[in-house]
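**Student:** For reference, the chains in residue letters:
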Amino acid sequence: MDTPVRSKDADGREILDSVVIRFAGDSGDGMQLAGMQFTQTTAVAGNDLATFPDFPAEIRAPAGTTFGVSGFQIHFASHDVLTPGDEPDVLVAMNPAALKVNLRDVPSGGLIILNTGAFTPQNLKKAGYEKNPLEDGTLDPYRKLEIDVSKLVVAAVEPFGLGTKEALRAKNVWTLGLLYWLFGRDRTPTIEWLKKKFAKRPDIAEANIAALNAGHVYGETAELPTGVAAYKIPKADLPRGHYRNITGNEALAWGLATAGRLAELPVFYGSYPITPASSVLHSLAGLKHYGVTTFQAEDEIAAICSAIGASYAGIIGATATSGPGMALKGEAMGLAIMTELPLVIFDVQRAGPSTGMPTKTEQSDLFQAVWGRNGDAPLVVLAPATPGECFYMAIEAVRLAIKYMTPVIVLSDGYIANGAEPWAIPSFADLPKIPVAFRTDPAGFHPYVRDPETLARNWAKPGTPGLEHRIGGIEKNFASGHISYDPENHQKMTKTRADKVLGVAKDLPLQKVEIGNERGKMVVVGWGSTYGSIHQAVRRARKDGLDVSHVHVRHLWPLPSNLADLLGGFERVLVPELNNGQLVRLLRAEYLIPADPMDKISGMPFRVAELEQEIRVKLAAPLVRNNRLS
Amino acid sequence: MDTPNKPLTQKDFVSDQEVRWCPGCGDYAILAAIQHTLPKLGVTREKTVFVSGIGCSSRFPYYMSTYGFHTIHGRAPAIATGVKLANPELDVWMVTGDGDGLSIGGNHFLHVLRRNVDLQILMFNNRIYGLTKGQYSPTSLVGLKTPSTPLGSLDMPINPCLLALGANGRFVARGIDTSTSTLGDLFVAAHGHRGSSFIEILQNCPVFNDGAWDNVTMRDIASENQLWVEHGKPLLFGKDKRKGLRLAPGGSHVEVVTLGEGGVTEADVAVHDQTNRTLAFLLAQLALPDFPMAFGVLYCDPVPSYDSAVTAQNATAVEKSGAGDIDRLLRGGHTWRVE
Numbered sequence: 083m084d085t086p087v088r089s090k091d092a093d094g095r096e097i098l099d100s101v102v103i104r105f106a107g108d109s110g111d112g113m114q115l116a117g118m119q120f121t122q123t124t125a126v127a128g129n130d131l132a133t134f135p136d137f138p139a140e141i142r143a144p145a146g147t148t149f150g151v152s153g154f155q156i157h158f159a160s161h162d163v164l165t166p167g168d169e170p171d172v173l174v175a176m177n178p179a180a181l182k183v184n185l186r187d188v189p190s191g192g193l194i195i196l197n198t199g200a201f202t203p204q205n206l207k208k209a210g211y212e213k214n215p216l217e218d219g220t221l222d223p224y225r226k227l228e229i230d231v232s233k234l235v236v237a238a239v240e241p242f243g244l245g246t247k248e249a250l251r252a253k254n255v256w257t258l259g260l261l262y263w264l265f266g267r268d269r270t271p272t273i274e275w276l277k278k279k280f281a282k283r284p285d286i287a288e289a290n291i292a293a294l295n296a297g298h299v300y301g302e303t304a305e306l307p308t309g310v311a312a313y314k315i316p317k318a319d320l321p322r323g324h325y326r327n328i329t330g331n332e333a334l335a336w337g338l339a340t341a342g343r344l345a346e347l348p349v350f351y352g353s354y355p356i357t358p359a360s361s362v363l364h365s366l367a368g369l370k371h372y373g374v375t376t377f378q379a380e381d382e383i384a385a386i387c388s389a390i391g392a393s394y395a396g397i398i399g400a401t402a403t404s405g406p407g408m409a410l411k412g413e414a415m416g417l418a419i420m421t422e423l424p425l426v427i428f429d430v431q432r433a434g435p436s437t438g439m440p441t442k443t444e445q446s447d448l449f450q451a452v453w454g455r456n457g458d459a460p461l462v463v464l465a466p467a468t469p470g471e472c473f474y475m476a477i478e479a480v481r482l483a484i485k486y487m488t489p490v491i492v493l494s495d496g497y498i499a500n501g502a503e504p505w506a507i508p509s510f511a512d513l514p515k516i517p518v519a520f521r522t523d524p525a526g527f528h529p530y531v532r533d534p535e536t537l538a539r540n541w542a543k544p545g546t547p548g549l550e551h552r553i554g555g556i557e558k559n560f561a562s563g564h565i566s567y568d569p570e571n572h573q574k575m576t577k578t579r580a581d582k583v584l585g586v587a588k589d590l591p592l593q594k595v596e597i598g599n600e601r602g603k604m605v606v607v608g609w610g611s612t613y614g615s616i617h618q619a620v621r622r623a624r625k626d627g628l629d630v631s632h633v634h635v636r637h638l639w640p641l642p643s644n645l646a647d648l649l650g651g652f653e654r655v656l657v658p659e660l661n662n663g664q665l666v667r668l669l670r671a672e673y674l675i676p677a678d679p680m681d682k683i684s685g686m687p688f689r690v691a692e693l694e695q696e697i698r699v700k701l702a703a704p705l706v707r708n709n710r711l712s
Numbered sequence: 102m103d104t105p106n107k108p109l110t111q112k113d114f115v116s117d118q119e120v121r122w123c124p125g126c127g128d129y130a131i132l133a134a135i136q137h138t139l140p141k142l143g144v145t146r147e148k149t150v151f152v153s154g155i156g157c158s159s160r161f162p163y164y165m166s167t168y169g170f171h172t173i174h175g176r177a178p179a180i181a182t183g184v185k186l187a188n189p190e191l192d193v194w195m196v197t198g199d200g201d202g203l204s205i206g207g208n209h210f211l212h213v214l215r216r217n218v219d220l221q222i223l224m225f226n227n228r229i230y231g232l233t234k235g236q237y238s239p240t241s242l243v244g245l246k247t248p249s250t251p252l253g254s255l256d257m258p259i260n261p262c263l264l265a266l267g268a269n270g271r272f273v274a275r276g277i278d279t280s281t282s283t284l285g286d287l288f289v290a291a292h293g294h295r296g297s298s299f300i301e302i303l304q305n306c307p308v309f310n311d312g313a314w315d316n317v318t319m320r321d322i323a324s325e326n327q328l329w330v331e332h333g334k335p336l337l338f339g340k341d342k343r344k345g346l347r348l349a350p351g352g353s354h355v356e357v358v359t360l361g362e363g364g365v366t367e368a369d370v371a372v373h374d375q376t377n378r379t380l381a382f383l384l385a386q387l388a389l390p391d392f393p394m395a396f397g398v399l400y401c402d403p404v405p406s407y408d409s410a411v412t413a414q415n416a417t418a419v420e421k422s423g424a425g426d427i428d429r430l431l432r433g434g435h436t437w438r439v440e
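From first to last, the protein sequence lines stand for chains A and B.
This note's numbering numbers the first residue of the first sequence as 83 and each following residue consecutively.
This note's numbering numbers the first residue of the second sequence as 102 and each following residue consecutively.
Among the hints, a few may not be true.
[Said to hold, decoys possible] Computed beta-carbon distance windows for the label pairs: (1) B:D315 to A:P517: 57 to 63 angstroms; (2) A:H364 to B:E420: 21 to 27 angstroms; (3) A:A580 to B:R121: 40 to 46 angstroms; (4) A:Q695 to B:R432: 41 to 47 angstroms; (5) B:K334 to A:A561: 51 to 57 angstroms.
Everything labelled a hint here was simulated from the structure, so no lab data went into it.
Remember, it's a predicted structure, so these values are computed and weren't measured experimentally.
Even for Gly, the Cβ is constructed at its ideal location relative to N, Cα and C.
With the hints as extra help, turn the sequences into a complete structure.
**Tutor:** The following block contains the structure:
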């Protein structure tokens, strides 16, 4: 546990600052469910937390195989939590495959909770074990809790008359009960949740509750092996407020619905299912009474086009997708740029080109977002750093899209989309309204008449008498909006579209330093979901007296107006990214600064330790510039 | 629809843009027919929207003094769907060609029809790609020699009306560019139908595929080769309406009969029922030389439109749950206070 055991409290529980638990089992074992329930009760108990669900792309890979292993990691603490944790202090392994896949991440001395009932010769073989790791010394470096959960759960639910197969489904809930006891959690929220979830099958609800209680009782009564105790993690000292857990995708959906209310306009959301963006559609589909129309289109292109049609008609058009879907939407984005219509696009990035690794996270759509269209096609790109920030970024995207009559991309990723964190709930009344002014006056009207400040053209919606006009993807005259092939006009329009988007920088907050000095030896520049890991790494390095600062860029295009000056104040600029060097190239290209890349392209988030290590290595190395990226 | 103060005329729908189609292009006649028909429909310019894709036909919106959106290749159905869902009060017309609508936009064509979004969809079918200079299109006949098929096209052509019926289109009609008055009637019928109304318009491209429809449209053979259908009327054609279509025993196909020959009377001739889907399929696939080509409203059997269903579902959600409250949304589920 990342800080040493301090003391024991009155009821004999050892007090810990921080714990990382990883639930691992077969895709069908309900690990995500167990993880989410543990998260809810942990939040209610007052700890700060961060989670990281990690599951395979296969819906149900063959049971017992290593590629079917599903994991859920939660980091909770009595202090602020920025990442889901580098390595699990506690590994729950429901079968041999789960043990095999996850054991390498557990530090020596870590606690492993094993369902011995699943360690059958057949399962061992499926997981690729030649010998039983429970017997061959593999687990000697760890503390172990070996329990035949399968047998105990069948016994616990026996009175409910379920078949063995159905009874075994409650393994996850039994294990949850045990963990609730180990970490002093209240079972009530989960019991209430089970009653609600199985309202139509009270027998199943009761059986699960019995399993939960049985796991808990096992913890209370069983003689736990040496080195395993009951623990207590005091409440975190969070700012006062009303909290909930929120995932990034939920936050995007709610932010969009909220933006509609702030602008007093209906929202139209056209989308096509794609991992990991689909749950935004699921959330919004339940919000029809909030003035949200959802449309599951026949493909990605139809999804964005329907949203453009809605924006043209005078409401908020939005769409969401992930990498390959973004590629398909490119041409339509060009249309929205050319017709200068507001449009909001969420890109929940995933790993790799083409289909890549759909359930794994990456930040490799930055170039696609900033540059990835034909012609000079500028738009606004934003990147939230945490799940909670997704809410505000969705609102900001709508505000900028309307104010500047431009498409806005919000670059989220799989890690933020599915990860959860406690979130201080804002009050609607405290959120600033989004002003909308439709053109209604026919006097002097041309569709491309611009606001001199923002360079935004006026938004004239069909249905307005006297403003009938035609727009389209063909280059248009600067003033009248009529088709124009005039060479000078095209130059002027291209520059105007670029200037309009660059002008958004005036509307953005100045770039701040998250932690550290405003000048110095090194700055670590991050964007998006790597916020927590970078912040923690810089914090640790600074504790050791290293001169390093953290800058996190949330506005990727246009870049904040003071960013060049700010970065210029540091001897070294290190840019860690979950891609092969995209922001680093953007910064080099825009500012001609010798920034160093740090890439990780494994589909996994950065560990704090690897970032901290890189900071130390880079700071210790002599300053040599060959101006080449590795 | 608002009633305009002063009755509008054809001129009111002509925009200030110079029409830039090739001399003799069939599109001129279709444009004139629309501009002539719209005033009769009692519509206003401000509530009328023309959405198009890419291609010669898709320049159409520029020439209308209504709202217009010239979009991207093949995607007009999706954009028009967004427009209609955002504001169901708008009267949305979609203009596309055989290439735009059936090739690159084939997918969207299928889905807009099966959803039944309330649009008038006009497909100008000239069996060729005009704007890209004469390559064969999805409706070109096998053997057509073009720059991309110097030895003749090998692809089987699509029959747009059959495809529209197969996609569950609820209004399917066919017209001819130069037959302006009948075209006007089709526009009126399409406009009156709530849901997707599809009209295939045979259109001549004088530059790249001149005379592609001559065997159907030439005046001297028109009566023999065109069957104009009308709901409730017998399916008669030919000089003096002496020929007719008879449903063969069992009703699986139709045959051409001549009145007065072999004891055939008008009573033997099938009567057009535009709500009969099976008959519509039979009519849509009639082809020369064995049969005349069918024109008019081949099928019209309305069901509630998609946009009305979406509006109703949204309204039901408000009725059931009340107008959503953001504070309640954000505070739903597990929450806790830190004091």
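**Student:** A range of 21 to 27 angstroms was offered for this pair. Does it hold for the Cβ distance of A:H364 and B:E420?
**Tutor:** 22 angstroms, holds
**Student:** Starting from the hint 51 to 57 angstroms, judge whether the C-beta atoms of B:K334 and A:A561 obey it.
**Tutor:** 54 angstroms, holds
**Student:** Assuming the hint says 41 to 47 angstroms, is it satisfied by the Cβ distance from A:Q695 to B:R432 or not?
**Tutor:** 42 angstroms, holds
**Student:** With 40 to 46 angstroms as the target window, see if A:A580 and B:R121 comply at their CB atoms.
**Tutor:** This hint is violated: roughly 29 angstroms between Cβ atoms.
**Student:** Within 57 to 63 angstroms: is that where the Cβ-Cβ distance between B:D315 and A:P517 falls?
**Tutor:** Between B:D315 and A:P517, where Cβ atoms are some 59 angstroms apart, the hint holds.
Hint violations for this structure: number 3 only, all remaining hints satisfied.
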